[in-house]
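J.: Could you put together the complete structure from these sequences and hints?
The residues making up each chain are set out below.
2 protein chains.
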Amino acid sequence: MKLGDYRVKGKRARLGDWDTHDDGGLSKEEAQPLLAKLQEELADYQERLYAEGRQSLLVVLQARDAGGKDGTVKKVIGAFNPNGVRVSNFKVPTPEEKAHDFLWRIHAQAPRAGMVGVFNRSHYEDVLVPLVHGEMDEAAAEERLKDIRHFEALLGRSGTRIVKFYLHVSADEQKERLQARLDDPSKHWKFNPGDLAERARWDGYTGAYEACLGTSTDAAPWYVVPADRKWFRDLLVSRVLLHTLKDMDPQYPAVDFDPGAIVIE
Amino acid sequence: MKLGDYRVKGKRARLGDWDTHDDGGLSKEEAQPLLAKLQEELADYQERLYAEGRQSLLVVLQARDAGGKDGTVKKVIGAFNPNGVRVSNFKVPTPEEKAHDFLWRIHAQAPRAGMVGVFNRSHYEDVLVPLVHGEMDEAAAEERLKDIRHFEALLGRSGTRIVKFYLHVSADEQKERLQARLDDPSKHWKFNPGDLAERARWDGYTGAYEACLGTSTDAAPWYVVPADRKWFRDLLVSRVLLHTLKDMDPQYPAVDFDPGAIVIE
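So the sequence lines, in the order shown, correspond to chains A and B. In terms of full-length UniProt numbering, the first sequence opens at residue 1 and continues consecutively. In terms of full-length UniProt numbering, the second sequence opens at residue 1 and continues consecutively.
FYI, nobody ran anything at the bench for these hints, they're computed from the structure. Wrong hints could be hidden among the right ones.
As the list makes no split between identical chains, a pair holds if one copy fits it or if it spans any two.
As the list claims (entries may be wrong) - Derived DMTMM-like pairs (lysine to aspartate or glutamate); straight-line CA-CA distance at most 20 Å:
1) K187 <-> E41
2) K91 <-> E52
3) K190 <-> D256
4) K187 <-> E52
5) K190 <-> D65
6) K230 <-> E173
7) K74 <-> E47
8) K187 <-> D44
9) K9 <-> E210
T.: Okay, here's the thing in structure tokens:
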């Protein structure tokens with residue numbers, strides 16, 4: 001499994017180039033101990049990031065309905081110390097939020113130094129939804145994507161590293177997961193009948209996501225994560241996060257006192 | 001281990017009435033499987049709380065330095081789904097925060113419906129610190145405590161259940177933990193030389209905490225958690241949280257569609 005194979009390069013990415021059912025040549029049984037080890041390493045790097053208090057990491061999760069965003073938060077982000085994590089769930093904008101530019105509510109949730117911020121849905125919804133619903137033409141969408149590029153560059157220059165994940169599921173897998181929500185009473189609350197109308201716009205979303213993937217840069221790359229297999233999704237996202245944190249190389253800060261000279265009464 | 005024994009009743013609680021080294025008659029080995037089972041139950045109740053979306057839980061953590069607040073967040077809160085948790089760390093107030101009343105920044109972090117909010121330090125610091133440092137007399141502290149009672153009652157009537165924990169460590173245990181931070185380079189960043197000045201005010205803090213414990217009510221009880229043994233602290237806090245969530249009794253919401261009648265194309 002080479003991480004670079006899942007990273008979006010250039011502005012003409014096609015989702016069809018990635019196999020939603022990819023398993024990286026591994027079995028679920030082989031993946032389990034690998035994930036456990038990754039989680040330990042991630043927790044160690046997160047502590048360093050928190051201790052250093054100079055950089056931050058912003059994880060953007062996007063997917064179609066039932067694509068696995070919540071599961072990824074639970075399984076991957078769940079391995080981090082909650083003290084240093086803040087998950088932001090962006091829902092349909094409130095009247096107050098709508099009265100501002102689309103990045104206003106997003107900017108307010110940007111992670112402070114030392115923190116890992118997770119956007120469960122994000123500013124990309126403000127391109128995807130209006131584009132697919134025909135409320136915005138491609139030129140207007142391109143303007144928003146330009147705003148996003150500038151915004152992400154600003155964060156990048158200010159110490160925030162951004163990693164963006166598109167969790168890539170097939171139409172068949174989505175159908176199975178939505179059906180599972182209907183079949184299990186304890187999952188009914190997760191089912192939104194409106195999701196079916198969005199499902200019917202499958203190809204429209206494919207095109208809109210491909211437009212979004214064009215914002216992949218070194219400072220804020222997109223990764224397409226084959227997500228039909230949940231265990232592979234968790235493993236790949238964890239690997240990318242560890243790769244990113246290693247590259248950020250957070251250090252325990254130097255202290256301005258001599259630890260050996262201090263006597264505790 | 002009876003939870004009621006650790007719950008503060010009345011306005012005259014004395015910390016000396018609880019043994020910091022209490023183990024509830026258990027060994028660490030016996031506690032481990034109990035904690036694991038509690039964590040599963042907590043995760044289940046948290047999902048119900050999130051799904052229901054009507055009530056919220058606010059966990060207040062207070063302790064002396066090295067009392068175990070961060071460890072409790074990591075071990076106990078770490079078992080929750082990060083999607084439904086928000087930890088707020090209250091540090092020394094910024095100039096902007098100081099320009100407002102002391103509850104302004106606190107109120108802004110109150111958990112929304114469906115969420116578990118964790119205050120790692122809290123509004124009680126605004127009584128403890130000025131009281132111990134002689135910047136506020138007892139009458140002024142009593143006024144603030146009255147403000148706090150009103151504020152907590154407001155949250156309580158608005159669907160937020162509050163549980164407040166004082167993590168109770170001995171002076172010897174604090175000394176050991178502070179020394180451990182000096183001895184391990186990867187923990188130096190956690191050591192603040194200023195903590196020694198606070199340690200010297202041990203009895204002052206005892207009295208100030210006892211004043212704070214007077215705000216224990218049915219809707220916002222204080223629990224004194226013997227915390228010299230970390231495993232006992234985690235077990236007791238988890239038990240109290242589960243007890244509280246069971247009492248809140250969150251329910252999966254009814255849906256306004258017929259799951260059996262929906263066909264996914």
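J.: Given identical chains, is K190 near D256, meaning Cα to Cα at most 20 Å, within a copy, between copies, both, or neither?
T.: between (51 Å within a copy, 12 Å between copies)
J.: Up to 20 Å between alpha-carbons, please classify K187 paired with E41: within, between, both or neither.
T.: Only across copies: K187 and E41 sit 17 Å apart there, 33 Å inside one copy, limit 20 Å.
J.: What label fits K187 with E52 when the C-alpha limit is 20 Å: within, between, both, or neither?
T.: Classified as between: cross-chain Cα gap 12 Å, same-chain 40 Å, threshold 20 Å.
J.: Up to 20 Å between alpha-carbons, please classify K9 paired with E210: within, between, both or neither.
T.: Classified as within: same-chain Cα gap 12 Å, cross-chain 60 Å, threshold 20 Å.
J.: Have a look at K74 and E47 and pick one of within, between, both or neither, based on CA distance no larger than 20 Å.
T.: both (19 Å within a copy, 11 Å between copies)
J.: If the cut is 20 Å between Cα atoms, do K190 and D65 qualify within a copy, between copies, both or neither?
T.: within (10 Å within a copy, 42 Å between copies)
J.: For the identical chains here, do K230 and E173 meet the 20 Å Cα criterion within one copy, between copies, both, or neither?
T.: For K230 and E173, only the intra-copy Cα distance (11 Å) is at most 20 Å; the inter-copy one is 44 Å.
J.: Between copies, within a copy, both or neither: which fits K91 and E52 at Cα up to 20 Å?
T.: For K91 and E52, the Cα distance is within 20 Å only across copies (16 Å; inside one copy 32 Å).
J.: How would you label the pair K187, D44 (within, between, both, or neither) given a Cα cut-off of 20 Å?
T.: between (34 Å within a copy, 12 Å between copies)
Hint compliance for this structure: every hint is met.
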